[in-house]
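Peer 1: With the hints as extra help, turn the sequences into a complete structure.
Those protein sequences? They're chains W and E, same order as listed. The first sequence stops at residue 368 when you use this note's numbering, and every number in between is there. The second sequence stops at residue 242 when you use this note's numbering, and every number in between is there.
Quick caveat, the hints were computed from the structure, so don't treat them as lab data. We put the beta carbon where it would ideally sit given N, CA and C, even for glycine. No false leads were slipped in.
Away from chain W, derived, C-beta distances all over 10 Å, residues of chain E: (1) Glu-10; (2) Ala-24; (3) Gly-42; (4) Phe-71; (5) Glu-124; (6) Trp-177; (7) Gly-187; (8) Asp-230; (9) Asn-233; (10) Glu-234.
Using 20 Å as the maximum straight-line C-alpha spacing, the simulated SDA-like pairs for lysine to any residue come out as follows: (11) Lys-2(W) / Arg-118(E); (12) Lys-87(E) / Leu-208(W); (13) Lys-199(W) / Thr-46(E); (14) Lys-113(E) / Ile-5(W); (15) Lys-362(W) / Ile-55(E); (16) Lys-157(E) / Leu-208(W); (17) Lys-9(W) / Lys-113(E); (18) Lys-143(E) / Gly-202(W); (19) Lys-361(W) / Ile-55(E); (20) Lys-79(E) / Gln-216(W); (21) Lys-9(W) / Thr-95(E); (22) Lys-97(E) / Thr-203(W); (23) Lys-79(E) / Ile-5(W).
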Amino acid sequence: MKRFIGFVKKEFYHIFRDKRSLFILFGMPIAQILLFGFAITNEINNVDIAIFDKSNDATTQEIIHKIAASKYFSIKQHITNEAEIETVFQKGKVLAVLVFEKDFKKNLTKENSAKVYIITDATDPNTANSITNYISAIIGSYRQEINKNVNFEYQIETKSRMVYNPELKSVFMFVPGVMTIILMLVSAMMTSISITREKELGTMEILLVSPLKPFQVIVGKVIPYIFLSIINAIVIVLLSIFIFKMPIQGSLFLLALESVLFIITSLSLGILISTVSATQQTAMMISLMGLMLPTILLSGFIFPISSMPLVLQAISNIIPAKWFIIILKGIMLKGVGLYFIWKETLILAGMTLFFIALSVKKYKIRLE
Amino acid sequence: MKNNNVIEVENLTKKFGDFIAVNAITFEVKKGEIFGFLGANGAGKTTAMKMLIGISKPTSGSAKVAGFDVFTNTEDIKKNIGYMSQKFALYDDLTVKENITFFGGIYGLSRKKIEEKRQLLVEELGLQNIVNELVGALPLGWKQKISFSVALLHEPKIVFLDEPTGGVDPITRRQFWEMIYKASNNGTTVFVTTHYMDEAEYCDRVSIMVEGKIEALDSPKKLKEKYNADNMNEVFLKLARG
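Peer 2: Below, the structure is given as structure tokens:
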């Protein structure tokens, strides 16, 4: 045991004396969470639009006022001919142009129908989609207002309520994802690099010749990273509570346990990577390309899994991060207990055992 | 063990698939001896040595190191040997003192014992000014000496040196061999691989490996007589060319 403590102590010296790994360990998580929290957002706010009002009557004025009054849009300019639509888009001044047809009010009252076109800049499809939805919603509510006195015989009224994230804040979606990515990065990449560094420097050989058992060497190298990852998880949760006002609905204790489980999953992946790579560079490449990319793309962090092609949906099942994100969202946003996430927990635990078994096997082959 | 032998090897063989890296080698090493293990690159020296220090499992044959079997007792072997590789593997980002404490620690030395050993080392090697420096900042010669002393920290019966003088200047090499003699005089058996033939002359006995087999084994003096050569270099060339 005393040998072991000395080993862990040495590992901390390595980490704290290497500015680069210190930065990855503590700088990156904070930078990432702030970046994702503040800069990357799906929300629409003060989007510049242009109006092309061919009718210019009381009704179109009212609609335009309603749109201008919402916090989502600001009307940047009024245009007067078709050719200008192209120009304003090309100049990048506005993201959408609203075109009211000629005789809008007349058509509406005489023929009970009038047309308004929403033209959006779809170079960014998600934003374009949201803009269209928001404008349609504003016009829709106006239509209901003027229909108030009319009584239709049959009417289906839809009312929607967004649960768990009623204000649709995208930071609530990003926090679980960023936390997952950071824990993955720190645990898997940093451990695989630190183990391969010993191989590269030749110290691993010395350690294997010493009376330390191979598993003691590995566990000794991994323990500091468990410790640091837990600190990281705490920092991320604190940041999201105090800076982004993210509520933690579920039990903090369960959150901590599940995080430790995921940290161990990632560490076992890191160990596995270190058994197949001979140099730090290889370990880093495998971690980044083989772990980080699939984790970001296929875990449901940014792109919803349900809208992926079937093949990718199937592949996403083997990404540990997918299950952890489900767990995190469950605990943080929905406030569920273990009863609702035991399946995901079991999958993560199973994956961890599998990775560890595989590492042990690979390690033995190398010694033969 | 008979005749004071600390290493006894019989028909030790290691195969990787069809390739025979070490082909039925047989030799023994006496207590306190400086045993040179020579051979060209790829002759199988390192593989043979790895089997003796317990990190590679032999395919067949038998071997005992410090009285323990390389098939079944590698854990006991590891406690009784020291090892220094050609990379002088100390931790560059730890100080000399921290390295000594760490390696003493993994061999299970008590804190008091480590402290004693460290003071002894500092005096013997004249490390007073650099004991708190990071190893990475030291010249190669220093790293090599400290590395060797660290390998002897737990007073092993046998110390294995894998090309310990690679890349250092002749004066430092000379000083290093003085350290080896001293260890040998204290009763530590030294098993050293090298491809500097002048170093082979310093050994009590040398074996020369060619393509996985031991082609010659005797004292440098007798080998030179037998092959009618002026120095070990000639002996080696005659053997290696067949």
